[in-house]
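Engineer: Those protein sequences? They're chains L and C, same order as listed.
Here the first sequence is numbered in the working numbering, starting from 9 and rising by one per residue.
Here the second sequence is numbered in the working numbering, starting from 549 and rising by one per residue.
Be a bit skeptical, because a hint or two may be false.
With a straight-line Cα cutoff of 30 Å, these simulated DSBU-like cross-link-like pairs (lysine-lysine) come out [said to hold, decoys possible]:
| no. | chain 1 | residue 1 | chain 2 | residue 2 |
| --- | --- | --- | --- | --- |
| 1 | L | LYS569 | L | LYS17 |
| 2 | L | LYS569 | L | LYS120 |
| 3 | C | LYS565 | L | LYS511 |
| 4 | L | LYS504 | C | LYS661 |
| 5 | C | LYS772 | C | LYS638 |
| 6 | C | LYS722 | C | LYS688 |
| 7 | C | LYS565 | C | LYS638 |
| 8 | L | LYS504 | C | LYS772 |
| 9 | C | LYS772 | C | LYS722 |
| 10 | C | LYS688 | C | LYS661 |
| 11 | L | LYS511 | C | LYS722 |
| 12 | L | LYS120 | L | LYS504 |
| 13 | L | LYS17 | L | LYS120 |
| 14 | C | LYS565 | L | LYS504 |
| 15 | C | LYS661 | C | LYS565 |
Simulated from the structure, these hints should not be mistaken for laboratory data.
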Amino acid sequence: MRQLWAVTKVTLNSSFGISALRWRYVHRRERLWEPILVLVGIGTAVAFFGYGAYRLCLAMASVGAALGQPELPLGLAAVTAQVLVLMMGFFFVVSSFYFSRDLPLLVPLPIKPGAVITAKFLTILVGEYVTISFVFWPAVLAYSRFAPFGLGKGLVTLLVFLMLPVLPLAITALAAMTLMRSINRRHRDLFFYAGSILFFGLFLFWQMSLGRLPESDLQGYLESIITARLGLVRVVASRFPPALWATAAVHGGVALEGLQGLLLTAASAAASVAVLRAAGERLFYRGLIGGEEVARGRAGRAGRRSPTGARTASRDAGWTGLLARPRTPLRALVAREWALVLRTPVWVMNNLLPGIIVPLFMFVPIMATGKLQTDLGRLLAVPQGATIAGLILAGLLLFVGSVSGLAATALSREGPRLWISRSMPQSARLQAEAKLVMAMTVVVISAVPSVALFAVVLRLPALYLALPAMAGILGSLAAMSVGLRVDMARPMLRWKDPQEPVKRNLNALIPMGLSMAMIAAGVPVASQMISAQVNGLLTHTLFVLVFGGLAWVAVGNVLGKADEIVGRLEV
Amino acid sequence: MLLIQGLSKTYRGSQTKAVDDLHLDVRRGEIFGFLGPNGAGKTTTIKAVVGLLRPDTGRITVDGTDVWTSPIPAKRLMGFVPDTPEMYDKLTGRDYLSFIADVFEVPADQRDKRAAELLEMFALSDALPDLIQSYSHGMKQKLAVTAALLHRPSLLILDEPLTGLDPRSSHLFKELMRSHCDEGKSVFFSTHVLEVAERLCDRIGIINRGRLVAVGTMDELRQKAASGESSLEEIFLELTRE
């Protein structure tokens with residue numbers, strides 16, 4: 009137990025950089041404005057998203073209370089939180105269990121594998137508490153407005169919160185360990201992608217299945233939902249029963265029903281951790297070391313063959329094509345960016361996929377119910393409907409384009425390898441161009457599904473698609489350029505784990521913040537123009553010009569200053 | 549070939565000068581060994597030369613080209629291998645060398661030939677299609693040296709280049725440095741291996757606490773240390789005594 013505590017402490021410390029933060033802000037008292045800014049940023053985000061979630065839960069609780077089931081938001085929150093952990097936890101588990109840099113330090117220590125994975129499991133759990141807080145606590149708050157909520161219930165709720173992510177995270181960890189056992193290190197990146205697509209597919213399936221109602225005896229089905237105890241919650245939780253136990257525990261509090269729910273939640277959590285730990289003893293090191301053996305074996309063979317002077321086929325062929333076909337420096341730099349991002353799963357997940365996933369997340373579930381076509385079809389019927397639809401498209405593209413942190417983490421991702429870029433005879437300006445080209449390629453690719461959707465569903469005239477698309481992409485270019493400029497001036501270069509420059513780097517949020525600001529500033533202007541019955545094409549052209557102007561200034565600034573800014577960096 | 553005049557550098561948050569008014573020249577066709585205890589300022593000097601650290605004061609030129617006012621032409625003249633070659637783990641050796649050949653604009657008809665020679669010498673040919681993350685430390689070191697030499701730099705700069713190399717590669721590498729200089733080019737390298745410096749270098753500079761305490765051939769260093777037939781180790785210990 010002492011060993012487990014020691015490993016957990018050190019894993020938590022290194023994962024969240026506690027000693028580093030203490031050293032910088034308490035011991036050295038450097039750049040104290042940074043934590044203040046971060047706290048203000050986090051506070052604002054928590055207030056913004058937390059309040060939004062609370063309002064949503066309040067509406068649900070109100071509907072539920074009218075049906076005599078005020079616990080409805082609790083059930084939804086429990087299911088959502090557990091499914092989020094189940095889906096997203098997979099990436100954290102694989103990254104932490106199999107790709108983290110502390111493994112070479114931990115593995116040789118006389119610690120049982122079960123203790124290592126339990127420590128890592130607990131560390132991931134801490135992160136998951138932050139995620140599910142945004143879902144769980146607003147629901148509890150909303151519920152407490154419609155149902156009695158005393159001290160006993162509060163205590164039970166806290167215990168439920170602490171146990172809520174344990175079971176889904178243990179399930180995902182078990183799945184990951186079992187799969188990693190049979191996959192060697194060389195194919196792990198591929199596995200990571202395959203797993204991501206699988207989990208994403210499952211998520212969509214779950215979302216769509218929630219929206220589907222039985223076509224036979226619909227009347228009876230609805231009646232049973234309304235009259236049955238926890239009826240609505242049972243429907244929601246039918247895809248993941250532990251959520252029902254958690255809801256019953258919070259709703260029942262210290263009453264028998266509540267304690268039963270709490271007991272079931274606790275028992276399932278404890279059992280899942282015990283199974284995980286036992287499985288970890290058998291599977292974890294085999295999966296980890298087995299993969300290493302394969303990788304080292306290949307390298308070893310290559311090293312052994314060469315000194316004997318064995319000639320290869322390429323040698324016999326006169327070395328033609330030994331290296332890749334020559335490219336211009338700009339093309340080589342862009343190709344490097346692509347290769348590095350595509351071969352680093354965590355960068356793909358954080359920087360590449362969001363641009364594609366976000367529109368799908370928004371559209372697929374709605375499309376499945378047919379609601380989108382109806383709503384957008386109704387929109388086109390109103391005056392200036394096409395203009396409004398185009399503006400929605402521009403805003404959507406601007407938001408989706410800025411979700412990617414590709415530009416805003418471009419220099420940070422180079423990290424300890426920045427010496428290569430700094431010692432090559434190509435200007436920082438050219439290198440910045442390459443980074444922007446790469447980032448904007450992703451923006452354009454991620455715009456395609458949304459534009460295609462608007463084209464197919466709404467059949468908007470070509471100019472009503474092209475102009476908003478241009479506006480959205482140009483706005484994204486402006487946001488990306490500012491993000492890149494900030495990252496060039498203040499990159500996160502000292503990292504060991506490739507997750508750090510994309511996940512712990514606040515620069516990544518800059519484009520998103522800017523795009524939100526642009527949308528917020530654009531909405532009243534657009535409203536005024538629509539109210540004044542200004543020609544739709546003129547409205548769109550204005551946005552193209554404004555966002556184009558912003559992009560021109562931002563790109564000019566980042567490229568013009570690149571050599572000066574990067575030259576100041578000390579590597 | 550390399551001229552350093554009045555180089556000083558103090559790191560942010562530090563009171564001590566990492567390098568203090570350093571003057572040094574590396575001549576055409578010579579191997580120059582840069583020695584000093586840990587924390588003496590060797591790596592800081594090297595980083596300032598290759599453009600990774602901006603000096604507080606001083607001027608650095610390579611073949612007459614100022615490293616800080618004309619960085620691009622200056623970098624074309626240099627090849628650099630850092631002490632711990634952090635490389636793009638997710639690229640293959642082939643990807644990496646192709647990239648380096650592209651950004652250094654090595655002529656299309658020469659890149660394969662040069663790469664082939666170096667890869668054969670370091671026995672890296674078979675590992676070329678593998679990801680760099682599967683390379684051992686020594687293999688990474690050899691790949692970094694191959695990349696640094698691909699564009700035939702006039703000045704090869706190496707920070708602790710022999711660390712992690714097996715005896716055969718180490719021997720080959722020393723021969724390579726010599727043949728590089730025989731072509732009229734120069735090598736500037738830091739090392740802790742005094743025997744290597746003593747046998748290989750045409751001239752040696754010793755830095756201590758940021759200041760150059762001695763520079764010259766072995767004979768000149770012996771005279772400076774006034775220690776007769778001393779070995780470089782004895783001279784080094786005497787000149788860097790606290």
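Engineer: Of all the hints numbered above, which does this structure not satisfy? Sort the numbers upward.
Structural biologist: When the structure is compared with the hints, numbers 1, 2, 3, 4, 5, 7, 8, 11 and 15 turn out to be violated.
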